[in-house]
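**Student:** So you can see what is in the structure, the chains are spelled out below.
Number of protein chains: 2
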Amino acid sequence: MKIGILGGGQLGRMLIQEALKYDDEWFTLDPAPDAPCAKISDQTLGDFADYDAVLNFGQDKDVVSVEIEHVNVAALYELRNSGVKVIPSPEIIETIQQKILQKQFYLQNDIPSPDFQIIQSKSEVNFPLPFVQKANTGGYDGKGVQVIKTDAELENLWDVPSVLETLVDIDKELSVIIAINENGDTAHFPVTEMVADTQLNLLDFNICPAQINNSTQQQIEVIVQKFIEAAKSAGLFAIELFLDKNGKVWVNETAPRLHNSGHQSQEGNANSQFEQFYRILKNLPLANTDSRGFSGMLNLVGEAGYSGKVVYDGLEEVLKLPQTYVHLYGKTETKPGRKMGHINVLADTREELLTKLAHVKSLVHVIN
Amino acid sequence: MKIGILGGGQLGRMLIQEALKYDDEWFTLDPAPDAPCAKISDQTLGDFADYDAVLNFGQDKDVVSVEIEHVNVAALYELRNSGVKVIPSPEIIETIQQKILQKQFYLQNDIPSPDFQIIQSKSEVNFPLPFVQKANTGGYDGKGVQVIKTDAELENLWDVPSVLETLVDIDKELSVIIAINENGDTAHFPVTEMVADTQLNLLDFNICPAQINNSTQQQIEVIVQKFIEAAKSAGLFAIELFLDKNGKVWVNETAPRLHNSGHQSQEGNANSQFEQFYRILKNLPLANTDSRGFSGMLNLVGEAGYSGKVVYDGLEEVLKLPQTYVHLYGKTETKPGRKMGHINVLADTREELLTKLAHVKSLVHVIN
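In order, the protein sequence lines correspond to chains G and X.
The first sequence begins at 1 in the UniProt record's numbering and counts up one residue at a time.
The second sequence begins at 1 in the UniProt record's numbering and counts up one residue at a time.
In isolation and in its complexed conformation, chain G is listed as follows (with noise of 0.2 Å):
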């Protein structure tokens, strides 16, 4: 089968490996011709925002996905109308491309999401402080949010079509990733849960399962189901999540593809995320997540101040242990706060996790 996909990064191209265990042909539409899935798929050089670049790439494909939320939807629309089949649909992408549209969408379907307050400029901000202005398009990886504490802060507002939302005093923040497939069969991996290094104050390890109590549990269950049933659409969805001081859970945002927050399924469940989607692109038979015992991620990330071609300072001594799982992008050039690749780690414990995490953490360094 002839798998398009929009974007070449790193999910996707840990999507082509794994799936390099099934018979398809894989092609990518990504701008950078070093992007990671450059050598590994059939890539079209293009812009996936733009209309002409997606239709034109997507129209002699059996099936269109996306490794990135911010891509041309009316192309999908018009793909999909042609005969081409679009998975995650057009118009759940449309919906959580915009945090207008998805916050809209968590309240038409009863989806416990924070309050909050529309606004097309600055002019209208009419909402009590503090709170997070999520600007409606181009947030990514933590860009385009930013909290307003106090009345000061408020001239920090971007002027541009926002949600303002109430600031959630945050206990742990979760996430869990849900497949659905075109027959209607639907799966969700065991909670995941960002745990907080607490000697540098750095939330940067995800780990599996959760440690939550059965009132969480019910609570994401019932919001796992009302997505499913709302979405409407075959797919594979991560949803972030607050649990706050109260007890009570929140949908952060949600992402219409594979999601960082659930790399440690690579070596920690039964079967991966990439696993599970590339089922999904093909309608086939769920795969089983069952957890592998407790699992973790850390994520390596260019350190503030190195930039230009990458050393992994450290990672020989990281390959020496045991349950350790090194995963590289293939990227050449590091710069600060880029996304270089992850460690996976096992263990039998979520004490014994957190003590391998800190100490990878330690070892491994990326700079130039």
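FYI, nobody ran anything at the bench for these hints, they're computed from the structure.
Hints are not guaranteed to be accurate.
The following label-pair restraints were derived from C-beta to C-beta distances [to be verified]: (1) Gly314(X) with Gly293(G): 38 to 44 Å; (2) Asp47(G) with Asp62(X): 32 to 38 Å; (3) Ile170(X) with Arg292(G): 49 to 55 Å; (4) Ser362(G) with Ile170(X): 50 to 56 Å.
Heads up, simulated DMTMM-like pairs for lysine to aspartate or glutamate below, C-alpha to C-alpha not over 20 Å straight-line [claimed, not checked]: (5) Lys39(G) with Glu78(X); (6) Lys320(G) with Asp23(X); (7) Lys85(G) with Asp52(G); (8) Lys309(X) with Asp24(G); (9) Lys122(G) with Asp151(G); (10) Lys320(X) with Glu182(G); (11) Lys39(X) with Asp62(G); (12) Lys39(G) with Asp62(X); (13) Lys248(G) with Asp115(G); (14) Lys149(X) with Asp115(X); (15) Lys232(G) with Glu253(G); (16) Lys282(G) with Glu316(X); (17) Lys85(G) with Glu182(G); (18) Lys339(X) with Asp204(X); (19) Lys39(X) with Asp60(G); (20) Lys309(X) with Glu25(G); (21) Lys61(X) with Glu78(X); (22) Lys282(X) with Glu316(G); (23) Lys335(G) with Glu303(G); (24) Lys282(G) with Asp313(X); (25) Lys320(X) with Glu267(X); (26) Lys149(X) with Asp244(X); (27) Lys2(G) with Glu316(X); (28) Lys2(X) with Asp34(G); (29) Lys339(G) with Asp290(X).
Glycine residues also receive a C-beta, built at the ideal position from the N, C-alpha and C atoms.
Here the structure of chain G is known, so what remains is to put chain X in place on it, guided by the hints.
**Tutor:** Positioned in the frame of chain G, the structure of chain X alone reads:
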């Protein structure tokens, strides 16, 4: 690092697939434009048995290795002389390539292998029946090997340089995969066992760990140590073994490369033979390869009577089974006996494993 592999078949494909976790440039030399590695490596079309083809291919690489042993060794010597790293050594490839040298290697290094006579032609035969004739060169996947049981069958003898070898009264067929890096670190995988499907009287499951007693394990450990000392080369080596009905272990033959008897390591061990081989090529710390319970593999082989565009009949049923992993090789055309893929299965007990493997085998058929 620029890594060049002679051969672009399924072993190379699964190596590159695994190693996409790391940042390297992969090159393959293979005569088939549709070789399994064609789309995931920078492929040079050419014959790996040809001196000039191998020399030209290898000269700008950092390391050159093989995924098949029938390669031009003279060119590998030349490449090494010119400063290219060659793994495994041309010497050990040359020894293993030729059954006569291979037998002499076992004899010289006190590695137990069945009694033999070397012949240059049919007329020299002076060896007790029954015996196995192994042609000196060109053997692969059972080709170049025949059993001669009676005086009448002597006329079937191939009139080529050969090894004649005592027929072992086999209790079990075993395999052990050995890893040696340039630092001299060594490791080996748990011993695996070929299991006969008694219903169909076919040998086609390879399972791990083998069901063997302490004496057998001890004999294999001694063979492994002797091989490591004698090989004097970095590399990944698969030693195929016979356990005879008196409890003695014999070396049948050795492959200087990744091996079909290690495929279940993809999901069955903490790290696979492919990961281990990658680490050898880069002289990295060897990986832990502990077993995850019981694992086994079924080869997907083209059924008799079917040639043409492959169809994996029943594969969707297999995908419904938990702890079951399909690996296809990207070959579009099936023919009788062609290795098209394999399926790995995990289980908690040997009995459960064999039941699952037999069930999988009953479900899937490689036809067209």
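**Student:** All hints are to be evaluated individually against the structure, with a verdict given for each.
**Tutor:** These are the hints, each one checked on the structure:
1. At roughly 32 Å, the beta carbons of Gly314(X) and Gly293(G) sit outside the given window of 38 to 44 Å.
2. Taken as a hint, the range 32 to 38 Å holds for the pair Asp47(G) and Asp62(X), whose Cβ atoms sit roughly 35 Å apart.
3. Between Ile170(X) and Arg292(G) the beta carbon distance is about 36 Å. The supplied range of 49 to 55 Å is therefore violated.
4. Ser362(G) and Ile170(X) have their C-beta atoms about 52 Å apart, which keeps the hinted 50 to 56 Å range intact.
5. Distance restraint check for Lys39(G) and Glu78(X): the Cα-Cα separation of roughly 30 Å exceeds the 20 Å cut-off, and the hinted pair is therefore not satisfied.
6. Proximity of Lys320(G) to Asp23(X) is assessed by CA-CA distance (about 18 Å); at most 20 Å being required, the pair is judged to hold.
7. A hinted pair counts as satisfied when its Cα atoms are at most 20 Å apart, and Lys85(G) with Asp52(G) qualifies at roughly 18 Å.
8. Restraint check: the Cα-Cα separation between Lys309(X) and Asp24(G) comes to about 14 Å, which is no more than 20 Å; the hinted pair holds.
9. At most 20 Å may separate the alpha-carbon atoms for a hinted pair to count; Lys122(G) and Asp151(G) meet this at roughly 13 Å.
10. Annotation: proposed proximity of Lys320(X) to Glu182(G) holds, straight-line Cα distance about 16 Å (limit 20 Å).
11. For the proposed pair Lys39(X) and Asp62(G), the alpha carbon gap of about 19 Å is at most 20 Å, so the pair holds.
12. Taking the CA atoms of Lys39(G) and Asp62(X), the gap is near 19 Å; set against the 20 Å cutoff, the hint holds.
13. Proposed proximity of Lys248(G) and Asp115(G) is supported: the alpha carbons are some 14 Å apart, at most 20 Å.
14. In summary, the hint linking Lys149(X) to Asp115(X) is supported, as the alpha carbons are separated by about 16 Å, within the 20 Å threshold.
15. Using a Cα cut-off of 20 Å, the hinted pair Lys232(G) and Glu253(G) holds, with the two alpha carbons roughly 18 Å apart.
16. For the given pair, Lys282(G) sits about 11 Å from Glu316(X) by alpha-carbon distance, which is consistent with the 20 Å threshold.
17. The straight-line distance between the Cα atoms of Lys85(G) and Glu182(G) is roughly 11 Å, inside the 20 Å bound, and the hint therefore holds.
18. As the CA atoms of Lys339(X) and Asp204(X) are separated by approximately 12 Å, the hinted pair is consistent with the 20 Å bound.
19. Between Lys39(X) and Asp60(G) the CA atoms are separated by roughly 19 Å; this keeps the pair inside 20 Å, and the hint holds.
20. For a cut-off of 20 Å, the pair hint linking Lys309(X) to Glu25(G) stands: about 15 Å separates their Cα positions.
21. At roughly 13 Å between alpha-carbon atoms, Lys61(X) and Glu78(X) fall within 20 Å of each other, so this suggested pair holds.
22. In summary, the hint linking Lys282(X) to Glu316(G) is supported, as the alpha carbons are separated by about 11 Å, within the 20 Å threshold.
23. Our distance criterion of 20 Å between C-alpha atoms is met by Lys335(G) and Glu303(G), whose separation comes to about 7 Å.
24. This hinted pair checks out: Lys282(G) and Asp313(X) have alpha carbons roughly 16 Å apart, not beyond 20 Å.
25. Between Lys320(X) and Glu267(X) the alpha-carbon distance is near 17 Å, which keeps this suggested pair within the 20 Å criterion.
26. Annotation: proposed proximity of Lys149(X) to Asp244(X) holds, straight-line Cα distance about 18 Å (limit 20 Å).
27. Of the supplied pair hints, the one linking Lys2(G) and Glu316(X) holds, its CA atoms being roughly 19 Å apart against a limit of 20 Å.
28. For the proposed pair Lys2(X) and Asp34(G), the alpha carbon gap of about 16 Å is at most 20 Å, so the pair holds.
29. Among the hinted pairs, Lys339(G) with Asp290(X) is inconsistent with the structure: their alpha-carbon atoms are about 31 Å apart, more than 20 Å.
Hints 1, 3, 5, 29 from the earlier list are contradicted by this structure; the remaining hints agree with it.
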